[in-house]
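There are 2 protein chains.
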Amino acid sequence: HKASKPPTGFHDTFLSLSSNYTVSEYLRSLTLHPHLAGTPEGYQTAQYVKTHFESLNLETKVSEYEVLLSYPVKISLTAHFSNLGSRVIGLSEVGFDVVRPYHAYAPSGKAVGAAVFANYGREEDYRALGVNVSGSVVVVRRGEGMSRGGVVRAAEGRGAAAVLTYTEGEYVKGVERGTVMKGLGDPLSPGWGSVVEGGEKLERSDTEVEDRFPKIPSMPISFETAEAILRSLEGPQVPLEWRDALKNSNFRAGPGPTVLNFTNQVEDKNARIHDVFAVIRGSEEPDRYVLLGNHRDAWTFGAVDPNSGTAVLLDVARRYAFLMRLGWRPRRTIILCSWDAEEFGMIGSTEWVENNIMNLGSRAVAYLNVDCAVQGPGLFTSMTPQLDDLVIDITKKVQDPDAPDITIYDEWTGRNKGINIQRLSGVDSDFAPFLQHVGIPSVDMYFGKDFPVYHTAFDSYDWMSTHGDPLFRRHAAVAGLWGLLALRLADDPILPFNYSSYAMQLQEYTSILSNKLEGRISFTPIFKSVKNLLAVAQEVEEEAKELRVDGGASSDVIVLKKRMLNDRLMLAERGFLDADGLQGNRWFKHLVYGPSNKYDSNIDFFPSIANAISQSTQAKKDNQATIRHEIWRVARAIQRAADALKGDLS
Amino acid sequence: HKASKPPTGFHDTFLSLSSNYTVSEYLRSLTLHPHLAGTPEGYQTAQYVKTHFESLNLETKVSEYEVLLSYPVKISLTAHFSNLGSRVIGLSEVGFDVVRPYHAYAPSGKAVGAAVFANYGREEDYRALGVNVSGSVVVVRRGEGMSRGGVVRAAEGRGAAAVLTYTEGEYVKGVERGTVMKGLGDPLSPGWGSVVEGGEKLERSDTEVEDRFPKIPSMPISFETAEAILRSLEGPQVPLEWRDALKNSNFRAGPGPTVLNFTNQVEDKNARIHDVFAVIRGSEEPDRYVLLGNHRDAWTFGAVDPNSGTAVLLDVARRYAFLMRLGWRPRRTIILCSWDAEEFGMIGSTEWVENNIMNLGSRAVAYLNVDCAVQGPGLFTSMTPQLDDLVIDITKKVQDPDAPDITIYDEWTGRNKGINIQRLSGVDSDFAPFLQHVGIPSVDMYFGKDFPVYHTAFDSYDWMSTHGDPLFRRHAAVAGLWGLLALRLADDPILPFNYSSYAMQLQEYTSILSNKLEGRISFTPIFKSVKNLLAVAQEVEEEAKELRVDGGASSDVIVLKKRMLNDRLMLAERGFLDADGLQGNRWFKHLVYGPSNKYDSNIDFFPSIANAISQSTQAKKDNQATIRHEIWRVARAIQRAADALKGDLS
Ligand SMILES: [Ca+2]
Ligand SMILES: [Ca+2]
Ligand SMILES: [Zn+2]
Ligand SMILES: [Zn+2]
Ligand SMILES: [Zn+2]
Ligand SMILES: [Zn+2]
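Going down the list, the protein sequences come from chains A and B.
When we follow this note's numbering, the leftmost residue of the first sequence carries the number 731, and every step to the right adds one.
When we follow this note's numbering, the leftmost residue of the second sequence carries the number 731, and every step to the right adds one.
These are calculated hints, taken from the structure and not from any lab test.
One copy or two, either will do: identical chains are not told apart, so a pair holds if it fits within one copy or between any two.
Taking lysine-lysine pairs in the DSS-like style, the calculated list, with each CA pair at most 27 angstroms apart, reads:
1) Lys791 - Lys1291
2) Lys1261 - Lys791
3) Lys1179 - Lys903
4) Lys1275 - Lys1291
5) Lys999 - Lys945
6) Lys780 - Lys1376
7) Lys840 - Lys945
8) Lys791 - Lys1258
9) Lys1376 - Lys1291
10) Lys1126 - Lys1275
Same shape as in the complex, but just chain A (with noise of 0.2 angstroms):
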């Protein structure tokens, strides 16, 4: 009689299982060490997360794939001051026995030259700076969206001898590290899945991989490191945007006349990671995968990037195997994900998905990320529109950690004064490959925003216990909102996808990207398939609500009925793949959400559209027949949402 329990009568014990206390102790005992992807300690925590999982009786998985990655060897930095002299910079955070700040991938070599500040490194900075910058080591503060390694390539493209980039804040002494590599996963197996021996992989020297790392070397450097560069400089006057950054050096950015010189050495190696799994079969439909992923790795301690998550994850399977002693069984399968190697580049996740391509794409329902679980105060959310109205829900039933007389939805909503959903065009945690390579419906979901020791030697169990989160209630938050939200996807007879949100979501988009083009391009064939993906969600929305009504009763016609509808639901964002993908970067296949090559489009949506436009800037003819082109398969892969979400032939 236990398992007769229904569903949400389990999902209310769920949350019922809160407890700060386990999660605390979980993220205490991950962050003890610095545990980089592919050391020993980095191991140690796979181990870890393993034993946890085999402890609570859950089936556990380990995979392990051998990718490049890359790691310092030798870094140092001399400034010739004109008035003061040389001087050698001190690189690392003192006091910490953590990896050297580091630019991951970027290449090995010396650079001597005059220092120049490039603001955030946009082309319209450069503009604005209105210096050659060839052979100079350029300056940039990290920020507006541009990637680590787009902000060196912009350098390089401008024939720039090096870059340092540095992050603004109060913790001075810390030093932002990153990946500066190109695309997704292990550059050695672009678009297939790596394996330990035995499968292919390209050269180092091939000019596939080399594409995907800069040509100059880079580095990043602590704010304070950086002050005492800037305020050396002279040259022309900058634009007042700019003048936060150089309040202390009257405004002038250079170059010169002080002179860099600057030594990388960095080693690209082969080495071991591990991806580790914990699976909950799903008693009804074990072919539908609801996946929980988190990435495991971190830069140093990661008490907030990644192991927030970490210890969430970890709290989430504790209560899911409680609740199985209880009898429950979800219908479909339900999947808690620990990631490696996800700072170089998400390599973990990627791995993976590259190598389970076939199974997800056919049977993947969702995937739900959390990275840094806990920066601070607050929900921030971004994910697919069909599943607005599901988190939304769910919000209203956890209660916010920081204010108990209301719901995280109360907070939420009046914080933002309503709504406030993102979505995820970004290519900034292990989401990516799930949605923009493999179509899958996904969420990301985080506490607080911008905390201030990220990628740093400051981001330890210290800080979060001091900061972050001192209570430890947003963690337990996260665990509910994220372990609520899998048991809805895993157990709902009918999947929870609104379509109606997907297609006002898209509705919307075109109606911006056409006032922006002012009416010189016809958006007509987008509107169009919007139109139909609208008609057929709402027809599907009346059919879901007469099989839910019908839910008590089971026979074979309506248990394969269901079946049907859960199909349609789950792959109708399938058909916003495209096999051509985008343009240049044809791994990412989604033309809705992905990332835009270009650093100035604005765009976080349709990217090869967003792409065609920024290529555009005098609006050539040629260009249009592009963007025309690129209208086109937007509309024909919403058509295929369309067509997937009916199910019928045309």
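Starting from the known structure of chain A, fit chain B with the ligands onto it as the hints suggest.
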């Protein structure tokens, strides 16, 4: 109580409904007039088929597309013989009111040049010929697997001014029409579905369109005309193997002294085409499709090509409708498809496939093609290997049409001294888009082979009733095979697919290639994946056996278990697809079956490897790298099939 008859009972009834009378009537009606695609007479056949389906009370649908077709305007040929003077050559088949012989999509133009004979027009033929054909009008006999377009392109690549093709055989006044377009489907909508209005269309002048057509004019001539020209040639003696073609000319191939003056005026224009469908919705799994397809358009009367198949399709419809009146409904949906514009390059089927790619990709169980159903006596059949056992089984259930006391199986295996099954790498009928673009398990079948009136005015009801199938028993036999095959695929609770056959076929292919390359390149990656596929296939057969035994029982769990196993069986074939497709021909996604783009590879499987090998005539080191990479791609494709069949994550 009608509906309680078990499916196999209905299958026996289906066989008992055989009728050579009805099928002969259908064929007579279909072939009363020539019915080229895009013409009013072509549209009349669509109406005829539609009316037939409707009169049987079947759910009927017509899909209309606007596509670029190609028709002759004015064509002339004058021969200047050194001894006989000039002669205007008659090019039409006298006494028939049919479209004049031409090559669809051949460019308009004039060519004056010495005649030269190039045997089958292969690379090796030009090497053996050993003369410069630049500026000449090349005469080529059809055969040896060279496509019409391939013949013209090879001549074009050698600077020829024009190409005349002819076909040897008893109908010396017949002329073989055909298309010279490369690739499948409407040239103005490559890769996406054409619609009647409002869709994207490339310009006729777009390079991507131009690339699909030869640059030099060409046309077909009769055997009689060809012999008159060949007889007049001088020049050096040709190789022994050519001499059967040149027996009246002392084995001389030119160039000259005969000079040919050829004017070709062919018009490409937009036309409407019509696919016609009858849909029999599945009672339990309406979202799974078993497709029976045949094209309807013909170059002339089309009694063999394709309407022997159409007549059979209509008779299968008649029989199914009868079963429905007895209470039968298939478990899965059966769709009878009547394609238009196949002769121009599989255009009707390709546009439909492109328009329905999402739902075909995730829902189609199998595509069963019949084109020239009856060309003479004896079964010939090709299929993807998981269908071998089923087809063999079916041939044991249908009586041989020419020997009343034995089954088709007996005649077929007797004649071939065993099982003789071909595969589907050809791009010569409508199975190509289903299998080679979407990865749907496919069958092609027909009686007789190499009929002499192919694409000529002599392909008429008269020829069929005199030579091809005077008693129409072969037609009835094809109806039995085809219809029963679909019934099994639609009704069997567990799909009758055997992937061990596939694995063994793949193993054989790999051994052939490995021997051909004499161990210079390792095929271990493919052998390994094949071994994995075989192991999974054997597991799955055990699983299927158990579920077949449980067939009587019915519970939610069993219903879903069957569905889940069938999904794996259905989707395994999709694993052979690769998003990047064949190099230089990316629309073709299947890495086991598809066209090799080189004239002389002689390997009709693993097309991407075959292409890489044929490019490496001297086995240069670069090329070995390409072959190796293609071996890896195939190995991974086979592993994907194994993964999909296994249905588990790694
Ligand atoms: Ca890879
Ligand atoms: Ca098309
Ligand atoms: Zn992270
Ligand atoms: Zn990070
Ligand atoms: Zn045909
Ligand atoms: Zn034909």
